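Enquirer: Take a look at the letters that make up each chain.
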Amino acid sequence: MQLALFIIFGALAVAGALNLLLQRHPINSALSLVVVMMSLAVLYWSLGAEFLAAAQVIVYSGAIMVLFVFVIMLLNAGKEEKTSGSRAAYIAGFPGAAAIFCLLSFVFLSEQKALGVANLGGHLNSGLNNIEELSRVLFTKLLLPFEVTSILILVAILGAVVLARKEDQ
Amino acid sequence: MSHLSPFQIFLLLSIVKIAVVLVILLTTVAYTVLLERKVLGHIQNRWGPSRVGPFGLLQPLADGIKLFLKEDLMPLAAERPLFVIAPIIALTCALISIAVVPFGAVHRIHGVDIFAITDINIGLLVILGITSIGVYGIALSGWSSNNKFALLGSLRATSQMVSYELALGLSLVGVVLRAQSLSLRTIVESQSSHGLLSWNFFGGYQFVAFFIYIMAAYAETNRAPFDLPEAESELVAGYHTEYSSMKFAMFFMAEYANMVIVSCVATLMFFGGASSPFGNLIPAFGGAVVQALLPVFWFVAKVFAFLLLYIWVRGTLPRFRYDQLMSFGWKFLLPLAMANIIITSLVLALHG
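Chains as they are written, first to last, in numbering that gives the first Met the number 0: chain A, 0 to 168; chain B, 0 to 351.
Source of the hints: derived by calculation from the structure; they are not laboratory data. Note that the structure is predicted; figures quoted are calculated from it, not measured. We treat Cβ as the ideally placed atom computed from N, Cα and C, and that holds for glycine. One should not assume that every hint holds.
[What the hints assert, rightly or not] Computed, partial: chain B to chain A, Cβ under 10 Å:
#	residue
1	L75
2	E78
3	L81
4	T117
5	I119
6	I121
7	I129
8	I132
9	S143
10	L150
11	V161
12	Q323
[To be verified] As a list, the in silico DSS-like pairs of lysine-lysine whose alpha-carbon atoms are at most 27 Å apart:
#	chain 1	residue 1	chain 2	residue 2
13	B	K330	A	K165
14	A	K78	B	K147
15	B	K69	B	K37
Turn these sequences into a full structure, and let the hints guide you.
Expert: Here it is, written out as C-alpha cells:
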C-alpha cells in the first residue's frame, strides 16, 4: 500500500517535471511545478517525514509557487516561442547529462555498502512523531546554523525592501 | 461483522464516515447561506427569504435547482482547462480540510474513531497547507477568465490570502505551545480538564491570539470586512465574474465551506472543541448514546455561534480600503502575533 503510494507519486513527480519542461505557456509550467512539489510532499510523508511534507506544501506550493503564478499573471506572459535551441546545448547537453547520470549511478552503486539500503514503504507503521526530535535537534545541536540561516533570510528580506523602496526623498 | 477483516471494517467505516460528514458539511453550507440571508435581513429590518417552504426553509433547495439548471456559459477568450479546473480546486480544498477535524469525543467502534474522519499528528499543519493550496483556485479563476475585473479580483484575493496566512499561522503557535502537539485531538484534550476555565480563550490567556486568528481568518475566507476581492461596487463580482451555473455555485459553496472550516478550527483551537463548557459540573445523564452525542452537540453549537458571528460582522462593518487592509495585516496583526508567541513561550518557560 505504502509502496504503491510511493510509486504513484514518484511517477507523478517525474511526469510533472517533464510537463514543466514541455509546456509552452509559463502558467502551465508553474502549475506542473506545483504538482511536482505536492508529489514530493507525499513522498516525504511516505518516508515518514510528515513535518517536512507539511512544510513543503505550506512553504513551496502554498507560498512560493503562489508568488510565481502571481508574477506570471501580473506580467501577463504569453506563450513561449519554440526555438530550436543553441547548438552548444545540443552538443554539450545530452552527453553532459548522460555523463552526470552515469557518474551518479556509478557512485551510488559502488558505495552501496557505505550508503546503506533504504526501505520503500512501511515507514508509516511505527506512528512515531518526528516533530519533537526534529525541533530538539534544531534547537540544540544545530542551533547556530539554524539561527544563522534565519539571519540570512532576514538579510534577503531587507535587501528586497531596500530595492523596492521608492526614491522620493 | 465478524467475517470481515479489521482492514475491511476500517475501510467500510471510513467510507461511511466520509460520506456522512460530507453530506452534513454540504447541508450546513446550504443552510448557512439561508441563515446569512435571514439574519442579514433581520439586521436590515426586512424578512429575508420567506416564500419557499415554511419560513423559507426550502430556499437552499430551490437555489440549488436553479443553479443546476442554468446555462453554463463558457467565455470565448477563456483558458479552457484552467477555467474549468479552478472552481474544482477551490471546492475540493475547502471540503478536504474537514477530514482532520474531530467533532466529538473519542468514541471507538471496532477500533475506529467514529467522531473524526482521521486523527493525524500534524492535523493543524494539514489544514494550513490545504488552505494555502486553495489560493490557486481563486488565482487561476481570475486569470483564466480573461477579464480585467476578474483578474483584479483574483490578484487582490491572492495577495490578501498570502499576507494574512502568516498572521493566521502565527496566531495558532501559542495554542500549539500550550498543547505541545499539532494533533487536533491532543489540542482539544489539553483544554478539556476544567470545562470553560481550561479553554485556551479563557484559561489559556490566548484571547489575543484568538482575535488575531479570527481577523486573519475573515481575510482568508474573503468575507466582510475584508471582502475586497469581490467588492461589487468596484469589480462587478471579482474573480468569479465570468462564472455561471454550477461553476459559480462551486465557488459559492467553497466560500461557505471555508467559513465552516474556519469556525471549526476556531472552536478546536480556542474554545475546547467538543468539550463541554461546564466540565464535570453536570452529572452524566441519559444513556451511552446521549453521552456520546453530547460533545457533538457542544461542537456544533460553538461552530454555529462562530457562523453567526461571521454574519453579524458582515451586517455591521463596512469594507476596508485596500492599503488599509495590507497595512493592517502586515503592520498590526503580524507583530502582535509574534509578540503573543514570545510572551506565551516566556510564560510557559517560567511557569512550566
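Enquirer: To test your reading of the hints: which numbers does this structure violate?
Expert: Checked against the structure, the hints that fail are numbers 1, 4, 12, while the rest are satisfied.
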